[in-house]
Amino acid sequence: MSAAEPQVAQAVVGALSTAETFVQLLYLAASILFVLGLKDLGDAQTARRGVLLAEIGMVAAVAGTLLFGVDKGIIVRWEWIVVALLIGTGVGTAMGLWIPMTKMPERIALSHAFGGLAVALVGVVEYLNHGGPQMGTLHITATGLEVALGALTFTGSLMAFGKLQGFITGRPVTYPLQNLSNLAMIVGTLGLIGLLVYSPGASWAFYAVATLGVLLGVLLVLPIGGADMPVVICLLNSYAGLAASATGFALDNNVLIICGALDGFSGFLLGMMMSKAMNRSFSNVLFGAFGAVPEGKAVMEGAAPSGPAPNVGSVEEAAEVLRAARSVIVVPGYGMAVSQAQHAVRDLANVLQANGCDVRYAIHPVAGRMPGHMNVLLAEANVPYDHLFDLDVINDDFTATDVALVVGANDVVNPAARSNQSSPIYGMPILSADMAKTCVVLKRSLNAGFAGIENELFVRSNTMMVLGDAKKTLMQFTSALKE
Amino acid sequence: MSLTLIFGLYVFFLAAFTGYQVISKVPHLLHTPLMAFTNAISGISLVGSLLAAGGHYGTLSTALGAVAVLAASINVIGGFLITDRMLRMFKKKGGTR
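Protein chains in written order, with full-length UniProt numbering: chain A, 1 to 483; chain B, 1 to 97.
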């Protein structure tokens with residue numbers, strides 16, 4: 001759709017044709033269905049209905065676009081659309097049905113990359129065909145922002161995917177003047193878009209904007225460490241949405257503006273929640289987070305060797321503690337995901353419950369690599385969601401609990417967040433696993449966790465460390481308890 | 001400022017505000033499905049991709065548009081399927097599968 005066919009402007013100056021009215025009404029219906037779908041997603045009972053509503057909305061919007069495009073002679077070639085839709089449906093179905101739940105952060109990062117790519121390419125096509133001196137201020141600004149944000153989301157998400165997969169180091173990569181050079185590139189991008197407003201025909205500037213977007217995506221995610229991944233994924237969600245919204249402005253398409261805004265603000269909101277759960281200001285994560293994790297590494301190096309030795313227990317000892325327990329709170333972390341131990345956790349819980357023990361699960365908001373990751377993993381293992389409790393609900397109950405069973409969690413149970421002002425996670429709300437009568441920690445080794453911060457919980461007198469693969473250890477607990 | 005821009009900004013900010021209100025009520029429990037869901041919805045850029053791929057602009061535009069259709073449709077189909085797959089797993093006490 002070009003500047004010559006502005007739907008909204010026509011709505012202002014005069015009546016729409018029948019086809020235009022029809023497609024606009026379909027877009028309106030789709031937008032309403034998307035908002036209702038999101039509202040239904042606020043409750044696990046109604047959430048599936050919400051997905052259905054949004055699916056109907058999507059079909060309406062796509063069908064309307066095709067009908068309108070054909071009617072107006074805008075869509076004249078079908079074969080490429082059909083081929084792309086068929087392949088997309090095949091790949092989408094495969095990704096939807098067979099990706100394991102433990103790989104959900106990777107999948108979300110990858111699909112943000114697809115979203116960014118689609119938007120950036122639409123922007124390039126828009127410029128190729130309607131670019132040049134006739135582009136109005138709004139049109140060229142929106143197209144420029146669309147391409148910059150889309151390209152940034154594309155490469156940034158690929159970087160996040162690479163870090164999650166381990167193709168790229170999860171450690172933050174920093175170099176001198178990093179923030180300054182990134183800032184210069186952002187200013188440069190905006191400057192070039194400004195130049196395009198005055199000289200829309202300067203195609204070199206347009207492609208420079210696209211190139212800077214590609215570079216910025218790589219450079220902005222490069223310095224962010226693995227521990228900040230939940231926030232990065234939220235941010236990329238937000239960028240993908242804003243890019244889609246910019247597309248809406250460029251194409252005069254309200255349904256794109258609305259969906260982009262919904263997507264953009266959900267990412268923004270989740271990112272703020274994640275930052276709050278880590279006791280970091282959002283602006284700190286956005287602009288200044290980059291230095292935070294290396295500081296943690298420095299603390300780690302100084303603290304570890306001189307302290308007391310951790311109390312390492314055998315599987316049998318830990319199983320005895322569990323056998324005697326009347327109440328257990330399980331604290332799952334990313335280690336549970338890595339060793340695919342969620343089913344083993346559930347099996348152990350079944351045996352404990354059969355012994356008359358009360359088993360609950362404490363979920364820290366930033367446990368795992370994306371918001372709500374642990375909830376999904378435990379749901380996969382058929383753990384009922386009303387056994388899962390958020391930090392603020394369950395935290396006071398640890399003192400009255402026999403055993404806190406920490407499965408591959410590290411920073412979210414680190415008491416240093418309460419007491420050690422020099423710790424990089426000082427002030428972060430944590431799960432009070434150390435307050436339980438006994439704290440059993442399942443961990444691969446005594447090394448520091450992903451964020452690289454020593455955990456003094458491991459050397460507390462009421463803590464028993466059980467080293468090894470979490471899944472194997474849990475299965476050994478289960479068979480020991482069955483005897 | 002053009003009227004089109006003003007209209008667009010109205011739509012954008014009203015949608016953003018609505019989204020903020022609705023999304024802030026989604027519990028932690030459902031945050032991963034929420035991300036997959038908004039990801040699927042953002043596949044609405046399929047609408048723009050279809051117009052780019054189906055246009056009469058030449059091979060380059062058609063090819064770029066087709067890649068955009070491919071990427072966006074993966075998000076739409078995959079996003080909705082995986083959201084529903086996750087939500088099917090969420091069960092209250094007593095629910096068995």
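Just so you know, not all the hints are guaranteed correct.
To be verified - Covered stretches of chain B, going by a simulated chain A footprint (3 or more residues, C-beta under 8 Å):
# : stretch
1 : 24–38
2 : 51–57
3 : 70–84
4 : 87–93
Stated by the list, open to error - In silico SDA-like links for lysine to any residue, alpha-carbon gap of 20 Å or less:
#  : chain 1 : residue 1 : chain 2 : residue 2
5  : B       : 93        : A       : 390
6  : B       : 91        : A       : 390
7  : B       : 93        : A       : 382
8  : A       : 276       : A       : 44
9  : B       : 92        : A       : 343
10 : B       : 92        : A       : 437
11 : B       : 25        : A       : 46
12 : B       : 93        : A       : 483
13 : A       : 39        : B       : 14
14 : B       : 93        : A       : 44
15 : A       : 39        : B       : 22
16 : A       : 437       : A       : 386
17 : A       : 276       : A       : 392
18 : B       : 92        : A       : 419
19 : A       : 39        : B       : 88
20 : A       : 482       : A       : 326
21 : B       : 91        : A       : 386
22 : B       : 91        : A       : 326
23 : A       : 72        : A       : 39
24 : B       : 93        : A       : 20
25 : B       : 25        : A       : 354
26 : A       : 103       : A       : 343
27 : A       : 39        : B       : 24
28 : B       : 93        : A       : 39
29 : A       : 437       : A       : 415
30 : B       : 91        : B       : 27
31 : A       : 72        : B       : 27
32 : B       : 92        : A       : 103
33 : B       : 92        : A       : 420
Hints listed in this document are in silico derivations from the structure and should not be mistaken for laboratory results. Cβ atoms here follow ideal geometry from the backbone N, Cα and C, with glycine treated the same way.
Handout entry: Hints that the structure is at odds with (numbers, increasing)
Key = Hint check: 8, 10, 12, 16, 18, 22, 23, 24, 25, 28, 31, 32, 33 fail, others pass.
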